[in-house]
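**Q** The primary structure of each chain is shown beneath.
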Amino acid sequence: MPMNAFGLAPLLLVFPLIGVLFNGLVGRRFIVANRNTGEKWSGWFASVMALSAFMVSVLLFLSLRSHEYHAEVVHLFDWLAIPSAGFRVPWAFQIDTLSVTMMLVVTGVGSLIHIYAIGYMHGDPNFSRFFAYLNLFLFFMLILVSGNNYLMLFVGWEGVGLCSFLLIGFWFDKVNEKGEPMNANAARKAFVANRVGDFAMILAMALTFWSFGSLEFEPVFSHALEMFESGEMVHFGLFSASLGSVLTAVTTLFLIGATGKSAQIPLYVWLPDAMAGPTPVSALIHAATMVTSGIYLIVRSNVLFEIVRASGATIFGIVSSPDLVAYIGAATALLAGLIAFTQFDIKKVLAYSTVSQLGFMIAAAGMGAYVAAMFHLITHAFFKALLFLGSGSVIHGMEHGHHHIHAHNHGKEVHGTPQGDTHHEEDNFDPQDMRTMGGLRYRMKTTFIVYMIGALALAGIVPLAGFWSKDEILAHGSEHNLIVYILLTIAAVCTAFYMGRQLKMVFFGEPRHEAAAHAEESPAVMTVPLMILATLAVLGGGLNLPFLSQGIAETYHEHPGGVFLGLEGWLEHSIAAFELTEEGVVHLPETPKVFSPGVAGISTILAVGALVLAFYVVYANKPKTAEEPDPLQSTPIWWFSVLPLNTLYMNYIVPGFNRLAQWLADKVDWAFWHDFFHDRIIRDTFVGFAHFAANILDLKGVDGMVNGAGSLAKRLANWIRQTQTGYARNYALSIFLGTVVLLAYFIFMAN
Amino acid sequence: MPEVTIDWYVALSVILFSIGALGVLLRRNAIILFMSIEMMLNAANLAFVAFARHLGDLDGQVLVFFVITVAAAEVAVGLVLIVTIFRTKKSINIDEIHLMKG
Amino acid sequence: MGNPIVFGILAIIAIASALGMLLSRNAVHSALFLVLNFSTIAVLYLILNAPFIAMVQITVYAGAIMVLFLFVIMLLGAEQLRGVRGDWRGSERWQQLLAGVLTVTLLIVFAVVLFQGGGATGSGVTAVDTSPSALGLRLFEAYLLPFELTGVLLLAAMIGVVVLNKTKKRG
Numbered sequence: 051m052p053m054n055a056f057g058l059a060p061l062l063l064v065f066p067l068i069g070v071l072f073n074g075l076v077g078r079r080f081i082v083a084n085r086n087t088g089e090k091w092s093g094w095f096a097s098v099m100a101l102s103a104f105m106v107s108v109l110l111f112l113s114l115r116s117h118e119y120h121a122e123v124v125h126l127f128d129w130l131a132i133p134s135a136g137f138r139v140p141w142a143f144q145i146d147t148l149s150v151t152m153m154l155v156v157t158g159v160g161s162l163i164h165i166y167a168i169g170y171m172h173g174d175p176n177f178s179r180f181f182a183y184l185n186l187f188l189f190f191m192l193i194l195v196s197g198n199n200y201l202m203l204f205v206g207w208e209g210v211g212l213c214s215f216l217l218i219g220f221w222f223d224k225v226n227e228k229g230e231p232m233n234a235n236a237a238r239k240a241f242v243a244n245r246v247g248d249f250a251m252i253l254a255m256a257l258t259f260w261s262f263g264s265l266e267f268e269p270v271f272s273h274a275l276e277m278f279e280s281g282e283m284v285h286f287g288l289f290s291a292s293l294g295s296v297l298t299a300v301t302t303l304f305l306i307g308a309t310g311k312s313a314q315i316p317l318y319v320w321l322p323d324a325m326a327g328p329t330p331v332s333a334l335i336h337a338a339t340m341v342t343s344g345i346y347l348i349v350r351s352n353v354l355f356e357i358v359r360a361s362g363a364t365i366f367g368i369v370s371s372p373d374l375v376a377y378i379g380a381a382t383a384l385l386a387g388l389i390a391f392t393q394f395d396i397k398k399v400l401a402y403s404t405v406s407q408l409g410f411m412i413a414a415a416g417m418g419a420y421v422a423a424m425f426h427l428i429t430h431a432f433f434k435a436l437l438f439l440g441s442g443s444v445i446h447g448m449e450h451g452h453h454h455i456h457a458h459n460h461g462k463e464v465h466g467t468p469q470g471d472t473h474h475e476e477d478n479f480d481p482q483d484m485r486t487m488g489g490l491r492y493r494m495k496t497t498f499i500v501y502m503i504g505a506l507a508l509a510g511i512v513p514l515a516g517f518w519s520k521d522e523i524l525a526h527g528s529e530h531n532l533i534v535y536i537l538l539t540i541a542a543v544c545t546a547f548y549m550g551r552q553l554k555m556v557f558f559g560e561p562r563h564e565a566a567a568h569a570e571e572s573p574a575v576m577t578v579p580l581m582i583l584a585t586l587a588v589l590g591g592g593l594n595l596p597f598l599s600q601g602i603a604e605t606y607h608e609h610p611g612g613v614f615l616g617l618e619g620w621l622e623h624s625i626a627a628f629e630l631t632e633e634g635v636v637h638l639p640e641t642p643k644v645f646s647p648g649v650a651g652i653s654t655i656l657a658v659g660a661l662v663l664a665f666y667v668v669y670a671n672k673p674k675t676a677e678e679p680d681p682l683q684s685t686p687i688w689w690f691s692v693l694p695l696n697t698l699y700m701n702y703i704v705p706g707f708n709r710l711a712q713w714l715a716d717k718v719d720w721a722f723w724h725d726f727f728h729d730r731i732i733r734d735t736f737v738g739f740a741h742f743a744a745n746i747l748d749l750k751g752v753d754g755m756v757n758g759a760g761s762l763a764k765r766l767a768n769w770i771r772q773t774q775t776g777y778a779r780n781y782a783l784s785i786f787l788g789t790v791v792l793l794a795y796f797i798f799m800a801n
Numbered sequence: 004m005p006e007v008t009i010d011w012y013v014a015l016s017v018i019l020f021s022i023g024a025l026g027v028l029l030r031r032n033a034i035i036l037f038m039s040i041e042m043m044l045n046a047a048n049l050a051f052v053a054f055a056r057h058l059g060d061l062d063g064q065v066l067v068f069f070v071i072t073v074a075a076a077e078v079a080v081g082l083v084l085i086v087t088i089f090r091t092k093k094s095i096n097i098d099e100i101h102l103m104k105g
Numbered sequence: 018m019g020n021p022i023v024f025g026i027l028a029i030i031a032i033a034s035a036l037g038m039l040l041s042r043n044a045v046h047s048a049l050f051l052v053l054n055f056s057t058i059a060v061l062y063l064i065l066n067a068p069f070i071a072m073v074q075i076t077v078y079a080g081a082i083m084v085l086f087l088f089v090i091m092l093l094g095a096e097q098l099r100g101v102r103g104d105w106r107g108s109e110r111w112q113q114l115l116a117g118v119l120t121v122t123l124l125i126v127f128a129v130v131l132f133q134g135g136g137a138t139g140s141g142v143t144a145v146d147t148s149p150s151a152l153g154l155r156l157f158e159a160y161l162l163p164f165e166l167t168g169v170l171l172l173a174a175m176i177g178v179v180v181l182n183k184t185k186k187r188g
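Those protein sequences? They're chains A, B and C, same order as listed.
To convert a position in the first sequence, counted from 1, into my numbering, add 50.
To convert a position in the second sequence, counted from 1, into my numbering, add 3.
To convert a position in the third sequence, counted from 1, into my numbering, add 17.
FYI, nobody ran anything at the bench for these hints, they're computed from the structure.
It cannot be assumed that every hint is accurate.
[Claimed, not checked] Computed list of lysine-lysine pairs in DSSO-like fashion (alpha-carbon distance at most 30 Å, straight line):
hint, chain 1, residue 1, chain 2, residue 2
1, B, Lys104, A, Lys764
2, B, Lys93, B, Lys104
3, B, Lys93, C, Lys183
[Claimed, not checked] A few chain C residues that face chain B, going by a derived Cβ cut-off under 8 Å, partial list only:
hint, residue
4, Pro21
5, Leu39
6, Ala79
7, Gly80
8, Tyr160
9, Gly177
[Unchecked claim] If the Cβ cut is set under 10 Å, some of the chain A residues that face chain B in the computed set are:
hint, residue
10, Leu126
11, Trp129
12, Ala131
13, Ser134
14, Gly281
15, Arg359
16, Ala360
17, Ser361
18, Gln774
19, Arg779
20, Tyr781
21, Phe786
Built from N, CA and C at the ideal position, the CB exists for glycine as well.
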């Protein structure tokens, strides 16, 4: 057996936890003692912890390779066990190719963002708190991806939700023009929207346990497959249901969970608001890692989805749950892509873009193209993190410029260092508004280049990472589901268009604001991670080039583990590749990978067309000033794009929900439940019984007995007490008496 | 002429022990009380040595050695207690000391 | 086990001095009677072939301990209890009675045992090496641990005496 490092898996969690403790407990003291060195300690400590976790992931990756990719479960301890109910949840790590892929992405991108944040958060009064939260996020995210059961996944799921809440509201004291605490509100919105999905997750877990008697992945999946092959029904005590319908319910609930965490219709509304958090947070949590956990969940549960697909079960006879996943993903991709047209906030554009790209992944997962979904997840993590961090760099630069002119105008040095997204209310300058930018390509060269790479990768231009992954999804769509394919293609065009618009508005043309004219490049601690991410965004497509899969089966069987076969060959070991036929389960040697030159050609031509359209036609010379309206604003597409989903949500769904809740609370809860049931039946009975118990049972019976025993003991003690005279003589006398009596007894009686 | 046997020594030991016990029970002077205790220990020692002689075993003498050592320690502590009590109560009358009265 | 006449004389002296200790009003007299008693017993030890114990008896008991007693008596000026007439008649009557009865019972019990059981015959085994060196060897071989513990006990007693006798310094 080759050497392996599976035993190191717990360290994945230990390192971030050490970081949390360090920054949470003592980090602040370092900073109070000395601002500059303290920040270095705090930030680098957290970054080193993230890097250490990355190293552990790499070791696990190498171990898997030398272990012929066989999944390994590292059992740490039994977490919950109720033997009488057959309930047992271990705290164990699932080390397989899927989870290691996620670990590598989370810790790798996470480390880069940690390092970037050292520069970005410079000067923030709560510097160490920020890094404590970031490490805490890593901790929970790693629980999420490494757990070997749904309950651990759920712990991580809730934990990252908490960290998301904490980090969106990191500047919780910031208020908008109306004096509302907008960051705190955004955090709350994210939290509440996620609760809806989490509730579905809990139901799904309960149902899973009820049906299969376990929450661990492996037993659940194998049990489900067995039942599928034998055509067994699922029994719930008195009644039973077909496996297909039960799994339809489970997978639909998983989908609802995923729509919450991965910001899909109808729960996506929280993600754009989440951009209130510091930019590294947007990059790490709301682009690269946390929001992809919904995709991870679906890919992880691929067996369940495939069984539903094969069993032909549908929701109310309309659509099967995997198809529903695909449609929701595609619809979200298109809708969010359109909304992104109308945004002026540089980060909001990226936020909607993220929602749109997550839609791509969800759609891919729904079509059964799990590898494509994971592939896009990885490349998206690269270039979207790059774009967010790049936008952070732009914002940072704009603030610098703004400070510069501010200092000029007032003729004195401005104290206080730039603080990321901090607004300067005094002149209503918004460093995130694209209308105030322009021409930054000269002032911020590095940022411009890497941003350009990220944008082109996102738009899907050959040969950058985004092209390969997006194209794989589109190719799957063209094979399996034409509607999804069309929706996604339009979404891809939108992507290219809004990225072209953003590039043009931010980096090209003339500066439309004094601040843009004086913007400055960010420090190296920020640009180096950007460059690394840019490299990854260029090369990321190499992970799963279509040509690599040529003859996977043959190569693989000859050199198991010895040849790099791309993501396809790698993930094959944890994403069960099987086809469900009339005869039962047929395992396939590999998951099908598709590449269609036609599809790729069309999408490339469309993307380039959209970019050209945005660059040279629509935004060719406009807008020239910050006040000029967007050229799209007079066209119907604008009105379609401002599709007031948020308004709809706020005006109809929320009040409707409120009214329903109000009615439930007033009539059902108070009038019936409280007033009648509680007061009349429960309370009166209870009060009557309590009176009986208190006055008769307790006062007369129990108290009488207790008091009687007490006074008896007191009287007895008083009587015995008299023998203790305190005179040594008396004690000696009694000892002597005892001695003589014993002696006499032994001598005369004993024999 | 009767032979002196072990019985004679035991009898003497018992008599001395009884006199010591009476001293403990009847005297009120704490110091004399202590002397009586020493007397009782000595009576026991006498019996030990006599038995050692009778049985031809050295262990009896070893035991006496230990008793004498413990007695020395006991006298030292006991006397200092008497001194301390005398300091506070200005008396060594054993009947005036009954703080342990229940 | 010695000459009966010598034993008789010594026994009479021992009992008489013990009674003297018990009955003296003056504590100093009691102490001196006790010294006499201890010395008599030391002679008996010699007769019983226990020279080392006899020497220890003289030096430790008759010497050190009794000097300590006398020293404390003098120090406290406690030759006689103040304000109490008839030292040993102070206690309650029934207690004195009980003590007497018990003592008599004890003596009777032993008398019965000694004279009815016939006692041990002969002078027992003789010719055992009871020199101090033999005793020392026994002490340091078979009884080493108790010996060490005794040392600790003495240390504890010493510390206790020092602590108890320490007067608190005011101010």
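**Q** For each hint, tell me whether it holds in the structure or not.
**A** Hints versus structure:
1. B:Lys104 x A:Lys764: Judged against 30 Å, a Cα distance of about 17 Å means the pair holds.
2. B:Lys93 x B:Lys104: Holds, at roughly 20 Å.
3. B:Lys93 x C:Lys183: Measuring from Cα to Cα gives roughly 17 Å; hence the hint holds.
4. Pro21: Holds: closest Cβ of chain B sits about 5 Å from C:Pro21, inside 8 Å.
5. Leu39: 5 Å, holds
6. Ala79: 10 Å, violated
7. Gly80: 11 Å, violated
8. Tyr160: Status holds, d = 6 Å.
9. Gly177: At 6 Å from the nearest chain B Cβ, C:Gly177 passes the 8 Å test, so the hint holds.
10. Leu126: With a minimum Cβ separation of about 59 Å from chain B (threshold 10 Å), the hint on A:Leu126 is violated.
11. Trp129: Because about 57 Å separates A:Trp129 from the closest Cβ in chain B, which is outside the 10 Å limit, the hint is violated.
12. Ala131: 55 Å, violated
13. Ser134: 54 Å, violated
14. Gly281: 85 Å, violated
15. Arg359: 87 Å, violated
16. Ala360: 88 Å, violated
17. Ser361: Status violated, d = 85 Å.
18. Gln774: 3 Å, holds
19. Arg779: This hint holds: A:Arg779 lies near chain B, its Cβ roughly 6 Å from the closest one there, short of 10 Å.
20. Tyr781: 9 Å, holds
21. Phe786: 6 Å, holds
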